[in-house]
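Chains as they are written, first to last, in the working numbering: chain A, 1 to 123; chain B, 1001 to 1123; chain C, 2001 to 2096; chain D, 3001 to 3096; chain E, 4001 to 4130; chain F, 5001 to 5130.
To be clear, the hints were calculated from the coordinates, so they are not data collected in a lab. These numbers were taken from a predicted model, which means no experiment stands behind them. Some hints could be false.
[Claimed, not checked] Example chain E residues on the side facing chain A (calculated, C-beta under 8 Å, incomplete):
#, residue
1, S4013
2, H4014
3, D4035
[Stated by the list, open to error] Far from chain D by the CB rule (all over 10 Å, computed), these chain F residues:
#, residue
4, S5033
5, E5070
6, E5090
7, Q5120
All C-beta atoms in this analysis are idealised placements derived from N, C-alpha and C, irrespective of residue type, glycine included.
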Amino acid sequence: MTSHFSSDLLVILRHGPHGSSLLRDGLDAALVAAAFGQRVSLLFMGEGVMALVDDQQPDPLGQKGTSATIEMLSMYDIEAILVEQTALELFGLTPDELMLPVRLLTGATLSTLPTSHRLVLTF
Amino acid sequence: MTSHFSSDLLVILRHGPHGSSLLRDGLDAALVAAAFGQRVSLLFMGEGVMALVDDQQPDPLGQKGTSATIEMLSMYDIEAILVEQTALELFGLTPDELMLPVRLLTGATLSTLPTSHRLVLTF
Amino acid sequence: MLLHVLNRSPATSRVYQQALTMMGEEDRLLLVEDGVQGALPQMVRHFGEVQGRLFALEEDLASRGLLGRCDASVQVVDVDGFVLLTEQAERTMSWY
Amino acid sequence: MLLHVLNRSPATSRVYQQALTMMGEEDRLLLVEDGVQGALPQMVRHFGEVQGRLFALEEDLASRGLLGRCDASVQVVDVDGFVLLTEQAERTMSWY
Amino acid sequence: MRYAILLLGAPYSHQASHSALRFAHALLARGHSLDAVFFYHDGVQNAARLAAPPQDERHVVDEWIALHAEHGTSLEVCIAAALRRGLLDEREAARHGKSGHSIDAPFELTGLGQLIDLGQRCDRLITFAP
Amino acid sequence: MRYAILLLGAPYSHQASHSALRFAHALLARGHSLDAVFFYHDGVQNAARLAAPPQDERHVVDEWIALHAEHGTSLEVCIAAALRRGLLDEREAARHGKSGHSIDAPFELTGLGQLIDLGQRCDRLITFAP
């Protein structure tokens, strides 16, 4: 299981869209690493799963969202989109309500992720 | 009960010392109001009760604390030092571990405070 | 009657409990920013004691994809409704 | 073995649960800044599953008046000890 | 009614500035007046005159200035919070021996007494926080 | 060992800057090297050259500069995060048509690629956040 996710960089996204800029800051770091040729995994934890909810409309007064960036991830060859299953359940969401296909992970697997990446950044 | 606390300004302090500047920012607002002759009540809620713990030592690298300010409150005629009793219990603290005498309040009384002050600020 | 405004999600922060503690029997609670996560059916149980007095801001729901996912017990208001709530309330308290 | 660093109190934030979720069986947890509130006897139960691997930063305890109030199960380290923990750990993760 | 806003959040980092701007325009559209916005804590960053956000993002600082121009709302910045954070007008820069400044009119550096005064003078004071 | 620090918190608002400075001095005292501090998110405020804290408080900006002077640690500021927040050096100010600037050397505006590079190059990367 561990080796399956083995990669250069794990970015853990724990904040929802709009409320703070941490989600976007974390995504930007992931995109730059990917553009530099690194293999990047994204893990959406806790409130971070809110970033993936489909049907996000542009802010009526134009605050820039993150959903366009998330839809672009595969163009950056970021294919490992990992989601904490408990978080999804906490919000009562199902995978088909998300804007892209994800891989659901639970406790035991989650705790192996940090050691299987050379660098981990939490946002 | 309500009229007992009736006053001009209620400042609710919900952050502990050092971690963020919100505790100090709230205290500063209270001191300025008191200096302008207003009757001020302070309510320490949640993590805010940490502000009152005795034996706070100066930060080894000199970050300015709030305990000196709190010890000065009576000089500003701020006598209404109110504390959410549940918060004290949450941290396992007793009133004699606090740096000054306080008035402990529980649920029903707490919810009457906002209407018995002309202005309320939450920090 | 006071209006309490909460901008944090019950999924991450316990501040919603402080808001509930300080609310009078007629007071209203408006969920804004990340606070609107509390309007999801799975989350709204945290606000059981203020049922009928719970509001959520439409713009913040929409930008997060949550507009169609709100629990039926939550009253959705836009920013004009937010202003109206502050007109009707004697005072507004922010919880963050 | 990784070092996890937590700067939020379990009294206000649920982020400590995220740290615990991501911790391996040998990993250590260091409480810093407002996180040291978790070292109080009344709070330390939140960290039961990492007993023996729980540390708290002395300077942050002292500045908050909590140095003498720490639970006996918590290992108190100063900032040199913090650096030592980062030397011993393969990697450090911050939870905030 | 007479409104005032207390803004504690920095732009870009948190949504507070956006929420406050939207609320400000809505209350004005409903015929109320907005006496002042008081910038405190990280909110003082809303006055940073050198802010250069990307073209496709809102320019929050300029939007406050436009609000002042259209509606006469005072933009009051807590001086103690601002100085710590490197936000100085020309006068404070001179007083502290710094070359250059980071706040311009219509933002005004002022004391916390102004906030207390607004709280007493206005019918409604709404806080937007990070 | 070679260390790097990622700092996400602004001075005065949160303890992150103080914690990072204390940690930096401790690791240097133990004989390690500190290649760089990377300032991102609200951490870019640590570079605000006009900061004027009260005399009885620490001057965080100056302490970073002293750290650089004594130990050669690079002070790298994420340019995208900085521009949004009004933190520009002379070159960026000119490029954006602004008079005046708010960041000076030894702070350097740089891209996020530097952070990724530090993460790969150094033995330890420690994040201090608000």
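Results for each hint:
At a threshold of 8 Å, the smallest CB-CB gap from E/S4013 to chain A is about 5 Å, leaving the interface hint in force. Of the supplied interface hints, the one on E/H4014 holds, with its beta-carbon coming within about 5 Å of a beta-carbon of chain A, less than 8 Å. Hint status for E/D4035: violated, given a least beta-carbon distance of 22 Å to chain A, over 8 Å. For F/S5033, the shortest C-beta to C-beta distance to chain D comes to about 13 Å, beyond the 10 Å cut-off, and the non-interface label holds.
With a cut of 10 Å on Cβ distances, F/E5070 stays outside the contact zone with chain D, its closest approach being about 17 Å. Chain D leaves F/E5090 outside its interface by the beta-carbon criterion, the shortest separation being 33 Å against a cut-off of 10 Å. Every Cβ of chain D is farther than 10 Å from the Cβ of F/Q5120; the closest lies at roughly 13 Å, confirming the non-interface assignment.
The structure fails hint 3 only (numbered hints given earlier).
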